[in-house]
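Asker: Line by line, the protein sequences give chains U and B.
First residue of the first sequence: 148, per the numbering used here; consecutive thereafter.
First residue of the second sequence: 148, per the numbering used here; consecutive thereafter.
These aren't lab readings, by the way, just hints derived from the structure by calculation.
Since the model is a prediction, treat every value here as computed from it, not as a measurement.
Glycine residues also receive a C-beta, built at the ideal position from the N, C-alpha and C atoms.
Keep in mind that the hints are not guaranteed to be accurate.
Claimed, not checked - Covered stretches of chain U, going by a simulated chain B footprint (3 or more residues, C-beta under 8 angstroms):
1. 211 to 217
2. 230 to 241
3. 468 to 480
Said to hold, decoys possible - On the chain U side, residues computed to face chain B include the following (Cβ under 8 angstroms):
4. N189
5. R357
6. V358
7. T359
8. G360
9. V397
10. T398
11. G402
12. S403
13. R428
14. A431
15. Q437
There are 2 protein chains.
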Amino acid sequence: MNGNGNGGAGDLNGRLGGLNGGTGGRTVGVAGVNLLALRSHNGALILDLLRTAGPAGISRLELADRTGLTPQAVSKITARLRADGLVTEAGQRASTGGKPRTVLRLVPHAGHAVGLHLDRDELTVVLCDLTGAVVAMRRAALSLGAGSEAVIEGAAGEVEALLEGASRVPVDLETEAAPTPPPGPSTVPVLGVGVALPGPLDHLHGVLHRVTGIPEWDGFPLRAVLARRLGMPVVVDKDTNAAALGLAAVTGGHGSFAYLHLGTGLGAGLVIDGRVHRGARTRAGEFGHQVVQLDGPLCGCGNRGCIEALCLAAVARGDVEEAARVLGTGAANLVGLLDVELVLLGGRTVEACPEVFVRGVGGVLDEWARLQGEDPQVPVRVASGGATGVAEGAAQLLLAPLFGRADV
Amino acid sequence: MNGNGNGGAGDLNGRLGGLNGGTGGRTVGVAGVNLLALRSHNGALILDLLRTAGPAGISRLELADRTGLTPQAVSKITARLRADGLVTEAGQRASTGGKPRTVLRLVPHAGHAVGLHLDRDELTVVLCDLTGAVVAMRRAALSLGAGSEAVIEGAAGEVEALLEGASRVPVDLETEAAPTPPPGPSTVPVLGVGVALPGPLDHLHGVLHRVTGIPEWDGFPLRAVLARRLGMPVVVDKDTNAAALGLAAVTGGHGSFAYLHLGTGLGAGLVIDGRVHRGARTRAGEFGHQVVQLDGPLCGCGNRGCIEALCLAAVARGDVEEAARVLGTGAANLVGLLDVELVLLGGRTVEACPEVFVRGVGGVLDEWARLQGEDPQVPVRVASGGATGVAEGAAQLLLAPLFGRADV
DNA sequence: TGCACTTTGGCAACAGCGTTGCTTAAGTGG
DNA sequence: CCACTTAAGCAACGCTGTTGCCAAAGTGCA
């Protein structure tokens with residue numbers, strides 16, 4: 148009695164040396180699956196296991212065990228992936244009484260993606276390799292309200308400068324030196340650009356809506372404009388969703404978690420069963436304007452008793468404990484509604500005093516679980532993203548489909 | 148640039164004349180897909196389109212168009228389904244200048260499932276055919292607190308009586324007469340029994356937790372016990388989830404909606420992308436104890452300001468308008484968080500004055516959408532289930548996997 | 001009535017997927 | 001040194017959806 152099937156063959160086909168075939172058939176509603184899609188799905192699945200395994204690598208037999216496929220099938224699939232240059236053999240394991248297992252590893256520099264984070268006052272661009280590691284980074288001041296042309300031109304310029312630099316200089320990274328120097332070719336193969344910015348927007352079509360505070364952007368087809376300007380594929384998403392996607396790539400598993408971002412505003416990115424949940428119109432995650440106090444104080448959105456208003460007011464008057472309690476109440480509502488396994492906190496306000504928020508939110512969740520008579524409480528942690536977290540997540544908008552975690 | 152893949156081959160394999168092969172491979176984590184799973188997925192997909200088409204039927208070419216498969220592939224698949232007795236040819240369409248299309252239709256009585264609804268004070272059993280239509284029904288008084296043995300025995304007895312009656316007498320239904328009299332054989336092929344009851348519980352293993360008010364059930368392996376007693380497969384789920392599943396079967400599409408049930412308590416069933424969202428531990432949908440009034444009045448759960456407490460208190464003092472407003476606030480929170488496309492209301496309290504609740508909840512949602520500057524508000528409607536809605540949804544716990552909408 | 005045309009749907013051959021059966025490679029342990 | 005174990009590839013196979021072709025069954029015009 149074992150489940151089976153389940154896939155998602157990736158939206159960005161035909162890249163990276165013919166990986167991911169796609170069907171060529173028209174697709175209305177739910178798609179039938181043909182052999183090309185099957186091949187693509189299994190390939191992506193194994194690629195994802197290789198990615199998750201990291202530098203340690205993983206053997207063919209372990210892949211077979213994890214996927215339920217035959218060892219022979221795994222051999223064939225990995226042979227294809229090796230021929231495509233995505234995978235290499237990398238040493239052997241210790242023998243357990245027979246021929247030692249050959250370790251397979253993802254080739255990080257077989258592909259790259261650009262992640263672009265457009266915040267209200269600054270811009271961050273990163274170049275990530277297949278593993279999601281940052282290979283190059285740039286940061287610049289930018290005013291989102293400066294007009295679309297200026298913003299597009301500024302962003303495109305930064306992206307081009309990043310790629311230019313990356314193709315010449317090996318690596319110039321703040322955090323760490325690159326573990327393995329990139330290969331010979333002077334040009335870096337790039338899948339495209341993922342853009343993350345404050346919502347609301349339409350992820351599917353890459354069109355912006357009324358970005359809070361900057362009505363000028365309403366209806367702007369960011370995806371199309373930037374794709375034409377840069378000459379490569381572009382995917383657009385909300386900053387909170389990108390952050391959540393980036394965290395999902397690290398978390399690895401197919402679990403569920405909520406990423407709560409408390410900065411100048413309050414929003415959430417939801418990951419359900421390993422996939423970012425955006426809803427039908429990319430409106431999911433409107434966490435800041437959840438009402439937790441009927442007829443409470445007026446919020447900027449026009450409603451009363453929103454979490455965001457209560458939280459920010461508490462922070463403004465220095466009562467961080469109370470802010471954490473309010474946030475915790477919202478988190479408890481969310482956990483109760485969705486039964487996620489983990490709550491991650493991020494954003495500048497949280498980073499200012501992380502322990503207070505983790506303790507405060509965790510306390511409310513624990514109390515709630517105790518009342519329900521549930522034992523294993525939902526853990527609360529600070530998101531690991533850091534300053535480039537959102538940009539890295541934006542790059543994942545293009546990387547994730549390769550590993551079978553396509554959106555839609 | 149078309150999406151592809153995506154499946155779920157059904158948990159209940161090997162039934163109904165060899166449909167749904169399953170792989171036979173062990174499955175850890177995410178599964179690879181082999182040809183058997185592919186066959187099963189495409190078969191289920193086409194079966195689902197046939198189900199959705201209803202008595203009107205659907206032609207092979209339309210199936211090909213909707214699935215993206217070749218007409219020839221559809222011909223082969225439908226030939227298999229016809230050989231299995233699940234599908235028949237049923238007349239022809241009008242010609243459009245050539246050979247007229249042959250209409251295919253699901254054979255309703257090719258399979259049945261029992262849906263059992265254990266409420267606090269009564270029990271409802273239905274027998275549903277493949278289309279989900281009720282073929283037979285029984286209702287009896289039952290006290291959930293009367294002890295596990297009495298409840299199990301009573302429920303099993305009712306199920307057996309229902310099946311006994313159905314195999315002899317064609318149909319005895321309150322609402323309508325059966326459109327097509329069932330076939331010759333005296334025994335009805337039954338997939339199994341779906342059981343719906345108040346939570347919390349573990350859907351995956353079919354084990355009950357601390358059912359509110361009746362602590363005796365904590366840890367009771369309902370699925371295993373009932374399966375052994377009846378000698379057929381049993382699936383257990385929360386009543387709200389079953390109701391939502393039943394509504395999803397009617398809604399048909401792969402959309403998202405929330406079913407809010409307001410009876411003696413308040414709960415929710417969530418359908419996201421056409422699948423019931425239960426969360427990792429079947430705890431999702433804890434809607435009643437969402438806090439919408441910080442430090443509000445004490446709730447039975449021990450917390451303060453829960454929707455359920457506020458709502459029921461308002462109803463108790465006769466202020467239904469206020470109850471609807473509170474419910475609407477919770478619904479708005481839910482819609483904002485998940486971006487569902489539809490809100491359905493049900494339960495005895497709602498059914499007492501449906502217009503007030505629909506108007507009240509809708510009003511809050513409209514106001515919220517107006518503040519956000521969104522145009523197409525989320526529609527609010529009364530759930531169509533009626534008295535047997537939950538039981539029908541319970542039957543869908545076994546029927547849905549056949550149509551590719553497997554859980555987990 | 002007859003013929004051209006359109007559309008539907010099946011038959012046969014085919015490419016490609018994962019699977020099975022067997023062989024070779026490469027270790028351990030007595 | 002040899003028996004044994006484990007890993008991985010080669011070859012043949014069964015089954016999938018696809019392609020090429022043809023028969024069936026209508027419409028519409030002469």
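Asker: Taking 8 angstroms as the C-beta cutoff, is the stated coverage of the segment 211 to 217 of chain U by chain B satisfied by three or more residues?
Answerer: The restraint on the segment 211 to 217 of chain U holds, since 6 of its residues have a Cβ under 8 angstroms from chain B and three suffice.
Asker: Would the hint on U:T398 be counted as holding, given a Cβ-Cβ threshold of 8 angstroms to chain B?
Answerer: Interface hint status for U:T398: violated (13 angstroms vs cutoff 8 angstroms).
Asker: Can the hint on U:V358 be confirmed by a CB-to-CB distance to chain B that is less than 8 angstroms?
Answerer: violated (11 angstroms)
Asker: Hey, does the U:R357 contact hint survive, CB to chain B under 8 angstroms?
Answerer: holds (5 angstroms)
Asker: Grab the minimum C-beta distance from U:T359 to chain B and call the hint holds if it beats 8 angstroms, violated otherwise.
Answerer: This interface hint is violated because 10 angstroms lies over the 8 angstroms limit.
Asker: Should the interface hint for U:Q437 be scored as holding, given a Cβ-Cβ cut-off of 8 angstroms against chain B?
Answerer: holds (4 angstroms)
Asker: So, U:G402 near chain B? Judge it on the closest CB pair being under 8 angstroms.
Answerer: U:G402 check passes; min Cβ-Cβ to chain B is 7 angstroms, inside 8 angstroms.
Asker: Hey, does the U:G360 contact hint survive, CB to chain B under 8 angstroms?
Answerer: Where the cut-off is 8 angstroms and the nearest Cβ of chain B is about 13 angstroms from U:G360, the hint is violated.
Asker: Taking 8 angstroms as the limit, does the beta-carbon of U:A431 come near enough to a beta-carbon in chain B?
Answerer: Status holds, d = 4 angstroms.
Asker: Would you check whether U:R428 satisfies its interface hint, that is, whether its CB is within less than 8 angstroms of any CB in chain B?
Answerer: Cβ of U:R428 sits 6 angstroms from chain B, so the hint holds.
Asker: Closer than 8 angstroms, Cβ to Cβ, for at least three residues: run that test on the segment 468 to 480 of chain U against chain B and report holds or violated.
Answerer: With 4 residues closer than 8 angstroms to chain B, the segment 468 to 480 of chain U meets the three-residue bar; holds.
Asker: Taking 8 angstroms as the limit, does the beta-carbon of U:N189 come near enough to a beta-carbon in chain B?
Answerer: holds (5 angstroms)
Hint compliance for this structure: hints 2, 6, 7, 8, 9, 10 are broken, all remaining hints hold.
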